[in-house]
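Chemist: Full structure from sequences and hints, please.
Protein chains in written order, with the working numbering: chain A, 254 to 950; chain B, 254 to 950.
Hints in this document: simulated from the structure, not taken from any laboratory. A hint or two may mislead.
Here are some chain B residues pointing at chain A (derived, C-beta under 8 Å) [as the list claims (entries may be wrong)]: (1) G358; (2) L411; (3) D412; (4) G421; (5) Q422; (6) W427; (7) P431; (8) D432; (9) R848; (10) W890; (11) K892; (12) Y896; (13) V899; (14) P943.
Calculated cross-link-like contacts (lysine-lysine; reagent style PhoX-like; alpha-carbon spacing at most 25 Å) [said to hold, decoys possible]: (15) B:K938 / A:K461; (16) B:K461 / B:K587; (17) A:K668 / A:K517; (18) B:K461 / A:K938; (19) B:K829 / B:K587; (20) A:K594 / A:K825.
By construction, the Cβ of each residue, glycine as well, lies at the ideal position given by its N, Cα and C atoms.
Protein chains: 2
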Amino acid sequence: MNRIRLLLGALSIPLAILPISAHADDGYALWLRTAASSVGQINIKRLGDTPTLRLAESELRRDISAVTPPIVIATTSAPGLQPLHLAAEDLGDEGYLIRNVTLDGQRVLLIAGNSDRGVLYGAFALIRHLAAGGKADALSLRSSPKVKLRVLNHWDNLDGSVERGYAGQSLWDWWTLPDFRDPRYTDYARANASIGINGTVLNNVNAKADSLTPAYIAKAAALAEVFRPWGIRVYLSVRFSAPIELGGLKTADPRDPAVAAWWKAKADEIYRAIPDFGGFLVKANSEGQPGPRDYGATHADGANMLAAAVRDHGGIVMWRAFVYAETDPEDRAKQAYTGFKPLDGKFADNVLVQVKNGAIDFQPREPFHPLFGAMPRTPLMIEFQITKEYLGFATHLAYLGPLFTETLDARTGQKSGETVADVVDGQAEHHKLSGMAGVANIGRDRDWSGSTFNQANWYAFGRLAWDPDLSAEAIARAWVAQTFGTDPQIVDTITAMMMGSREAVVDYTGAFGLAHLMATGHHYGPGPWVSELARPEWNPVYYHRADAAGIGFDRTVSGSNAVGQYAGPVAKAFAKPETTPESMLLWFHHVSWDRRMADGQTLWTNLVARYDRGVAYVEQMQRQWDSLRDRIDAERWQKTATYLAVQEREARWWRDASLAYWMSVNHRPLPSGVRPPEHDLAWYKAQQFPYAPGQAH
Amino acid sequence: MNRIRLLLGALSIPLAILPISAHADDGYALWLRTAASSVGQINIKRLGDTPTLRLAESELRRDISAVTPPIVIATTSAPGLQPLHLAAEDLGDEGYLIRNVTLDGQRVLLIAGNSDRGVLYGAFALIRHLAAGGKADALSLRSSPKVKLRVLNHWDNLDGSVERGYAGQSLWDWWTLPDFRDPRYTDYARANASIGINGTVLNNVNAKADSLTPAYIAKAAALAEVFRPWGIRVYLSVRFSAPIELGGLKTADPRDPAVAAWWKAKADEIYRAIPDFGGFLVKANSEGQPGPRDYGATHADGANMLAAAVRDHGGIVMWRAFVYAETDPEDRAKQAYTGFKPLDGKFADNVLVQVKNGAIDFQPREPFHPLFGAMPRTPLMIEFQITKEYLGFATHLAYLGPLFTETLDARTGQKSGETVADVVDGQAEHHKLSGMAGVANIGRDRDWSGSTFNQANWYAFGRLAWDPDLSAEAIARAWVAQTFGTDPQIVDTITAMMMGSREAVVDYTGAFGLAHLMATGHHYGPGPWVSELARPEWNPVYYHRADAAGIGFDRTVSGSNAVGQYAGPVAKAFAKPETTPESMLLWFHHVSWDRRMADGQTLWTNLVARYDRGVAYVEQMQRQWDSLRDRIDAERWQKTATYLAVQEREARWWRDASLAYWMSVNHRPLPSGVRPPEHDLAWYKAQQFPYAPGQAH
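Modeler: Okay, structure coming up:
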């Protein structure tokens, strides 16, 4: 860096002194970097003048070094564009086109959209295209988002902690808001806009009523003002009992007119402060949260009452289907479907039901949630978890693109060829509303997401929310190019590392459809032996049901019949072990340890091999990363190298602890040549991590 | 920034892409910046090769642009220096000299010390000298620290929260330690070394036993390794009951041989991991912490048992005198003296007793603690609070230099002319050990301390720990020059703002020796009316004792006789209102609201005027800061401007709430022309801040 500083010193800087940094690259810039190729004055003409158009221009000036021909940015209604007959109706509100055109006799690259937001997305698309090594000549891009609401869910608490957050404190400094607008808020909005995210829920779904007080509305309004020109709307999670806690009412019954009036007045108050407020996200009657069921009312009653409060303002309600009752003995995997399927058609038209990708809780692998396709009269928003609660926190490298696309690409079995993506993007039933939510992995850590590779998951979520049909690999390649440069060895090597990384986590934490095997509370590390927690479905043994004879949760007709919640060919396939994909086998079936698998070996032999394969994959990633040492800046290289070493150690820990436990249950020897666990089972059971991050206070 | 980036683009950078930053200056560089004057290759010769000497060289290369003559850095024992007859014995272990000498026939600027640490401190002294506009020609500096242990106390919890921290999460990412060594750890050590700090207590005095487990010892060892070449030792706060919690013993009685053996083994274990481990800090039998008094043993018994455990390794014990009993009805201001004075002479010679600057708790103004000078046979370490628990958290501008020096310069009354500084630096009694502790204001916020101006308090603490005789103003001027540049208008204006800023906080929170008037728990904002807390001394009314007739705590013989704990002329002065400095009047005396003050007006009139003066000072700081808008980089300017607006609003709040309360007690009208409080008292009482930062979980 010394040479840079020396040259800087020679410039006529208006400041007397310059800060210096010991850091090569601390990851703050995310995937938005400057091409260091030939640098010249970029020729940009902007038709029109709105804050968002100005941002589009400044982004292009900032991120593009040189481009021919000159660039023109404009909304399609700009005077002068009519002769081009752009036929841009299908771009909708947010789409863009990028095209070489002749304007006033000059050959230019036009970026246009029906709104200034569309132009901004187009600017970022061009930046992405060029950063990935693409050319501007003869370029023609045209894209509009398939999903309307592309929303981050921040599980951020008002005290600055982040539930399931592994990237430091909440990005929102509630204490200094609304006065101080940290420049990071702008950088956050910019990063989101660059990948098409257009909404953010600021606070935890386990919400405090205080977030609806005037003081906190003012704080949210300050953030909304920063985000607005970037096309990002603010939403709030609300606590259903707020009318009692803040309003002094005796009930929060959604059928009580006083309750509805309180929410209406509250919504009016919010919209006075935030005219483009997005709406409410609600976790009700789940894991201790209050809700309409407390009063014998339905989830639809609750959602519709809130929807009425925001309707006149153009707001919406996202109502979570992640509901399982404290007392219901039904298979937890079935409860959301059981509770919500009968409500199809009962929700107001500004309500979306937000459904997790799988029926349990963001496990490394889950079959798609049976509600997708089963509620045709209701827009279903899919909820992914970007933060890696169950996939290694910040330190494990696990690219979630394949997890996201595996669910999106799954056939629902409801209509011929219908995929989860078709349901989510609203195509299947021509819904006006559609949405994708991602539980954010963003905090105040300098690199935003706790590790460089976690940034890829934020990026992948945004890109897939825009277009659920993108491939995880194409997204990975683009992210690597934007993040580390276009050197083919870098792009090929890192993309290869990423693409198998999630499967490696599945392998070393428990393959073949095993799930929910983690330790209690913090969810860090293995705990397949845990059996003493108060509620049955809190215990890993509830999920794996291993005994001397076999392992797996029988969800067929002979068991919980969760399979019956799936439709047509899907239900049929899941009904028998023989037709269930091996990757889901133990999710749906209890089978013998000695069952013959596709490769002719026993399940036990296969399971052991998967643990070893998972560990080996991490070792391979270490070698791959080592090979890039001279091609990556030192700081980011070192941090990832360190984290890969942690992951390698912890993959072994998962493997060894799991094997020690399974052997204590099935009394089977390890296949010959397999390394035994390093410690005995008691040692693994004794590990305690009272200060693991991400726990709510 | 655009021009800089364009030029950067033209350099041959080894990386394909460069990160960019939207930030002019985010404050990360603290006071360590590069002079942008004429830049050339600096000529440095290093005699000797240790990690610390290499750091001294790299710091000079990094921070100094050009200097004549060439620089030579060396320890005094380096071959070749003997002919100079440096007479450096009095520099001790850590001192340095900087002198123009002729070496091998060449005129050079020599930086020398008896140890490489001394050389490093010398390098930073030269950097400071030049950054403040000083010349290298004919330079002759010579300095050694007057205080041996210059230590930060981090009240950082293992879960990442920081008690009384207002700068984000703990800098220590315990979760990724010992694997990941964040580059910030190095930058932290560097910043500390640059101001002479040589020790850091990593964890909260309200300690968890877990910090002594092997896992956490390994984490502390990783930090110690990073800090070592910077001359910084690691210390740990310990929980006195750890032998029970970790060791399975039935008691933590310090007289029990098994307890002593447990601690000895634990110390041995720590020293195996951290050979230069500094020792233990202990908060015992205070605010719910366990301690030797639980077993009828004395604080000396406890301290000496721990001291024996670390003695052979060269370790020390810092034992806090901040003790007040749950049940003791004695004036809280007296209890530490009452408990510790009789123990003078009973502590082992590797124990220091750590005494807060005042007898209550880091209030905006307190008289010096009566223990200073009263325990001549015991090294007393002074404890300041750098973090502004009671002076406005991160948002208020309050330079603590004058608070620190006011205490250090105070005459103890014990020996002729003896000051608190003389006691602290060990001069008074020729103690081998001496120390100064500062409760750190450092967190993971990008600017380290929550605001630019809070950085000055960290800086001032370090400089005063090295030399308690420095003036607060000289330190402020040096800090401003290093932080904002040498432009005289900048230096003069900001120094002036800083120098009166702490008195302004005294004025708007409660002048004339009032104290402990803040709200409960978080200690944010006014709460002089609070009277219902369980323990008397938790309530502000305990401290101000205001009634219709008068106000103030009678600590004379007619009252608690805390005055009797002071010596000689000091006790005599404090014994009567007439001879007590007005700034301390209500700390020691209960007097009439109508008492005539020095200016001939009543106390009530004076008190009201002080509230107004405090508010006016903040308004003046706003105008002063506004005048520098074009001279300060935009980001740091804006953040401070925003915070000054917060401070102005909150100064009014303190004033108005306090006046509303005093008027409810004394039923006196405001002097004519004085603005009445904006709200009624009930409004102020109703303010709630459940998510204020800095509260322990």
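Chemist: Next step is simple, just say for each hint if it's right about the structure.
Modeler: Hints versus structure:
The interface hint given for B:G358 is violated, since its Cβ lies 30 Å from the closest Cβ of chain A, which is over the 8 Å cut-off. Residue-level restraint check for B:L411 holds (minimum Cβ-Cβ distance to chain A is 4 Å; threshold 8 Å). At its closest, the beta carbon of B:D412 sits 5 Å from a beta carbon of chain A; the interface hint therefore holds under the 8 Å criterion. Proximity of B:G421 to chain A holds as hinted, the smallest CB-CB distance being about 6 Å (cut-off 8 Å).
Interface restraint check for B:Q422: the shortest CB-CB distance to chain A comes to about 5 Å, inside 8 Å, so the restraint holds. Satisfaction of the interface hint for B:W427 is found here, the shortest Cβ-Cβ separation to chain A being roughly 6 Å, below the 8 Å cut-off. Among the interface hints, the one on B:P431 is violated; its C-beta lies about 10 Å from the nearest C-beta in chain A, farther than the 8 Å criterion. Interface hint status for B:D432: upheld, as the beta-carbon distance to the closest one in chain A is roughly 5 Å, under 8 Å.
Hint status for B:R848 relative to chain A: violated, with the closest Cβ pair at about 39 Å, above 8 Å. Against a cut-off of 8 Å between C-beta atoms, the interface hint on B:W890 is violated, since the closest Cβ of chain A lies about 11 Å away. Because the beta carbon of B:K892 sits about 7 Å from the nearest beta carbon in chain A, less than 8 Å, this interface hint is met. Taken as an interface hint, B:Y896 checks out: its beta carbon lies about 7 Å from the nearest beta carbon of chain A, inside 8 Å.
At its closest, the beta carbon of B:V899 sits 5 Å from a beta carbon of chain A; the interface hint therefore holds under the 8 Å criterion. For B:P943, the shortest C-beta to C-beta distance to chain A is roughly 7 Å, which falls under 8 Å, so the interface hint holds. For the hint pairing B:K938 with A:K461, the CA-to-CA distance comes to about 22 Å; that is within 25 Å, so the pair holds. For a cut-off of 25 Å, the pair hint linking B:K461 to B:K587 is broken: about 28 Å separates their Cα positions.
Under the criterion of a C-alpha separation no larger than 25 Å, the hint pairing A:K668 with A:K517 is inconsistent with the structure, at around 39 Å. About 22 Å separates the Cα atoms of B:K461 and A:K938, which keeps this hinted pair within 25 Å; it holds. A distance of roughly 18 Å separates the Cα atoms of B:K829 and B:K587; the hinted pair therefore holds under the 25 Å criterion. For a cut-off of 25 Å, the pair hint linking A:K594 to A:K825 stands: about 20 Å separates their Cα positions.
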